[in-house]
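J.: Please put together the full structure from these sequences, using the hints given.
Taken in sequence, the protein lines are chains F and X.
Here the first sequence is numbered in my numbering, starting from 1 and rising by one per residue.
Here the second sequence is numbered in my numbering, starting from 1 and rising by one per residue.
Rather than coming from a laboratory, the hints here were simulated on the basis of the structure.
Ideal Cβ positions, reconstructed from N, Cα and C, are used throughout, including at glycine.
Fair warning: there could be bad hints in the mix.
DSS-like mimics (lysine-lysine), calculated; alpha carbons at most 25 Å apart, straight line [said to hold, decoys possible]: (1) K73/X - K110/F; (2) K128/X - K110/F; (3) K148/X - K60/X; (4) K460/X - K426/X; (5) K215/X - K148/X; (6) K449/X - K427/X.
To give an idea of the chain X side of the interface with chain F (calculated C-beta under 8 Å), a few residues [as the list claims (entries may be wrong)]: (7) M1; (8) A3; (9) G9; (10) A12; (11) M13; (12) L15; (13) F16; (14) L19; (15) F20; (16) Q27; (17) K30; (18) D33; (19) R35; (20) Y39; (21) G41.
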Amino acid sequence: MTAAAVSPPVAAPPAAGKRARRARRTELILLVLGMIVVVGYLAAAEANLLGTITPDFWVPAGILGVIYGGMHLVIRLRAPYADPVILPVVATLNSLGVVFLRRLDLGGVKTGERADYSILAGEGGRQLLWTAIAVTMAAVLLWFLTDHRTISRYAWTLGFVGIILMMLPAILPRRFSEVNGAKLWIKVGSFSIQPGEFAKLMLASFFAYYLVRKREVLALASKRVLGIDFPRGRDLGPILAVWVLSLVVLVFEKDLGTALLYFGLFIVMLYIATERVSWLLIGLILFFGGAFLAYFLGKLIGGPFANFYDRANIWLDPFSGDRAYNEGYQLVQSLLGLGTGGLFGTGPGAGSPGQVPEVHNDFVFAGMGEEIGLIGLTALLCLYLLIVVRGLKAALGVRDSFGKLLAGGLAFTLGLQVFVIVGGVSRLIPLTGQTTPFLSAGGSSLMANWLLVAILLRVSDAARAPLGAPGGMIRPPASTPPPGRAPVGTAAAPAGTRRNAPTPQPTPGTPSAPPAVSPGVPAPLPGTAEQPIIGGDVDPNAETEMIDSPSRPKENP
Amino acid sequence: MNAPLRRVGVVAMVLFGLLFANLNFVQWHKANDYRTSQYNGRVQVAEYDRQRGVIEVSGKPGAQSNSTDDNLKFLRVYPYKAEFAHVIGYKPVNGEATGIEYIENEFLAGTSDQLFADRLRDLWSNEKTPGGNVVTTLSLRAQQTAYKELLNNANNAKVGSVVALDPTTGAVLAMVSTPSYDPNVLVGHDTTAANRAYDRLAADPSQPLLNRAVKETYAPGSIFKVIDSAAALERGYTMNTSIPAGSSYTAPGTTHAIKNAAPSICPEAQVTLIEALTESCNTGFAQLGVALGPQAITDTAEAFGFGDDSLRVGQLGKDNGILVAPSQVGRLTTDSGGPDQPIIAQTAIGQADARVTPMQAALMAATVANGGVQMQPYLIQQLLGPDRTTSYGIAAPHKLRDVCSSSVAQSLQAMMVSVVENGTGKKAQIDGYVVGGKTGTAQNAENAKDHGWFIGFAMKDGKPLVAVAVLLANAGSGGSGEAARIGGQVMKAVIADRGGK
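T.: And the structure:
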């Protein structure tokens, strides 16, 4: 991969460097805008909670700004082409989470003591610290992981550890793992982590690796029913395995949300890899079938299914009878908080989010909803959607299948997690104990989600960098191009013509003498031979690459 | 792989669209329901943000809100505990207030239209002006005396009630019902504990939560004879007119003989009306009732307020006062429309289906004392602004109804004074004051002890000062005498509270 790759950079730098600089400038401006929103929130919260605005009300936003500024510098140095929207959006969400938690802390102390409340104190201070740690971890990952495909080397390890982490809380005795009826934790003394948050990343990495290898097999159709191709029965193995696994989670960790998350992640990645809608249908049927089964088993025999049955009933009618004061209390208070906020909200600091139990954690969205109203929550949802869309865009842009699957899967999981928890607290779906990414208090969730962001940034950098640009960390995909396709990387010219260019040279009828034929294209074949990720068949793969290529010029105007 | 990636993007957008639609439902469509939901603690937090006004009794706080360190910034406190529980009521964290707390809820809370200017001021001062203050008509000393006397009555009656009125205005001076309860346990910020306390009181068979002064009716017994007397005087009788009496009377159509409480009472064939009332002559009034007929008795009783099912006691000019249960005479005619003489005879001595509330009994005495004019009873003397100086209205007493002519009323006064000076109500006498009254002993359920009653009034220089009704339910023998004594004590307390005027 040398000659073809090395030649273009000579032309690339000026334009590419300019593009990178422009992207980073956009990122900085957006970051500053985000911090201005946070400063505004802090001012409003102090005005409402203290009756006055202290001179140093902006300090939390300042500290956060410095943390994100550091991340921005790392991106400048190590991923200069990365999507400029992702960091500011995530930073804004994360900061609003921190200052909302600080606002909860202030609400918990007497009015007179609020002005002197330390920035590092309480849940808000802890979250600020966690943010610093999580962003640092993301920066370190971004710094050292110069190519996202490196992850695929550790896929089996990650997958194994991921499953262990996922199962661990289910296996551990209740006192080590249960919080609020859901066994999602590992608690040791005062220290506790939610391993599922990390398992999510690891399993996504493993799935991406596994599916890239198996996609051809899984994409094989055997039967066509109602215009949809269904896979062969024997190929159903992996999906059934993951389904069983997620049902185990559902039953033993008592958590529908987590089950939905893992299962959704797998199904969506399977669909992306195989392009077979049938997998989505099978997945949906299996999931809802499983959920209904769990509901009726809970009704009939109770036992491990009882929890899910109860939660479903709370969801169906949280206000019935005494439920609003007992098992339905959390959801009812969440709804009342959201309703009290109404269209515009009471304003930061002016509501009583403390009425909602677990408001710093699972119910942070409802707590914020009371104060920022439907308008504010819609803005938050848009921010989340922006991350998801940008992540998917990175997946679209990147050239290797592993990167596509990884970024697509992670971006979608993030969106799915938001859906599960926000849908839960607003009674769209049964409530489950998920964290709200970037908003909920807690280090596990923050760290895992920032690592996810680092990966998305890395993939987006690869997607947006011109091939071979010196600033871009990406090298021409070691795995991707079939022999004839190597020159595609030189951009501009349509792939088709390039592809044809080298081929006429071999003399028809003399395939046995390749080395002599084309001196201009030195030894591309060994590269193809060591393509573990791509799988044997070149053809379907080449086609995808063909689809990818035309979109490139559009994305890099 | 790009086509499915794009479709996954569409799926994500659909999911977020669902979230958005559902948030619209929750935060817009259902917002009002949720905002005002009974489960929504914010309603209370907002309410407790503003210091609730004071309910004053004789210049002292009968209910006040003290600041706390709680989420709810003020705790309602009732310094007199059980003594004023029914009349002042209580304002729980969850649920509806009772008594004056209910009647003047908006004014006390500071949310009434009258206090709009004060709330407007809040916008500039950034403070929550406390709610308005309510000055009651109640007399601290009279109320405390009544409660103490009921609690410690010589007959050990558990259930009783006292109502004291100013006959000339209708102002309620005392309103007591026993057994009572400590309202402080119902207004605690620990709503679970408060609910538990309420459930315990609600389940108590002695019904401590019931305000018997206005919500419960009792057989009036001999105090009903005041109605008979008024009916007779209206129809040409004088207090010296002789009426047939005797030691026993059996009404036509029955075998049940009506006797007097003691053989010594009116064994003569004829007694004067005043003598009959003084001694509480059953045979005389039974025959008088039969002679007057059903219409006369019903009309007179209704003139005194029997059958009024819309009387409310609260703030004059407002219709949200405490509803007084209607007192009743009962049906005095047979199915064919003719007089039901056995029933009339029983009713005339306050038995059969006749029932009165202590409030109605007090109104009877007050009407007699006030020359036949019944004043609208009320509890709220004045509304004061949060500053305690701005007045938002002083009670303007007004007539409820003309009951009887002043001459009839004067005769009734004389007859009732005779009861206290010479007859059954001697224990109600007050030195230096002219006291009139009527005792009553009412049989009620079989195997249950008789109720003891006293209604009366005190006058000085021809001017009525106070009227009172005392009920000792199931007090048994001597109950009416004890009731008379308590009535005297309460009236004395009212007079003392006013400096003798």
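J.: With reference to the structure, classify each hint as holding or not holding.
T.: Verification of the supplied hints:
1. K73/X - K110/F: holds, 11 Å
2. K128/X - K110/F: Within the cut-off at roughly 17 Å; holds.
3. K148/X - K60/X: holds, 19 Å
4. K460/X - K426/X: holds, 18 Å
5. K215/X - K148/X: With Cα atoms ~21 Å apart, K215/X and K148/X stay inside 25 Å; holds.
6. K449/X - K427/X: holds, 21 Å
7. M1: holds, 5 Å
8. A3: holds, 6 Å
9. G9: holds, 5 Å
10. A12: holds, 4 Å
11. M13: holds, 7 Å
12. L15: holds, 4 Å
13. F16: Hint on F16/X: holds, closest Cβ of chain F at ~5 Å, below 8 Å.
14. L19: With Cβ-Cβ at 5 Å, under 8 Å, it holds.
15. F20: Where the cut-off is 8 Å and the nearest Cβ of chain F is about 6 Å from F20/X, the hint holds.
16. Q27: With Cβ-Cβ at 4 Å, under 8 Å, it holds.
17. K30: With a minimum Cβ separation of about 6 Å from chain F (threshold 8 Å), the hint on K30/X holds.
18. D33: Holds - the Cβ of D33/X comes within 8 Å of chain F, reaching about 7 Å at its closest.
19. R35: holds, 5 Å
20. Y39: holds, 5 Å
21. G41: holds, 5 Å
Of the hints listed earlier, there is not a single one the structure fails to meet.
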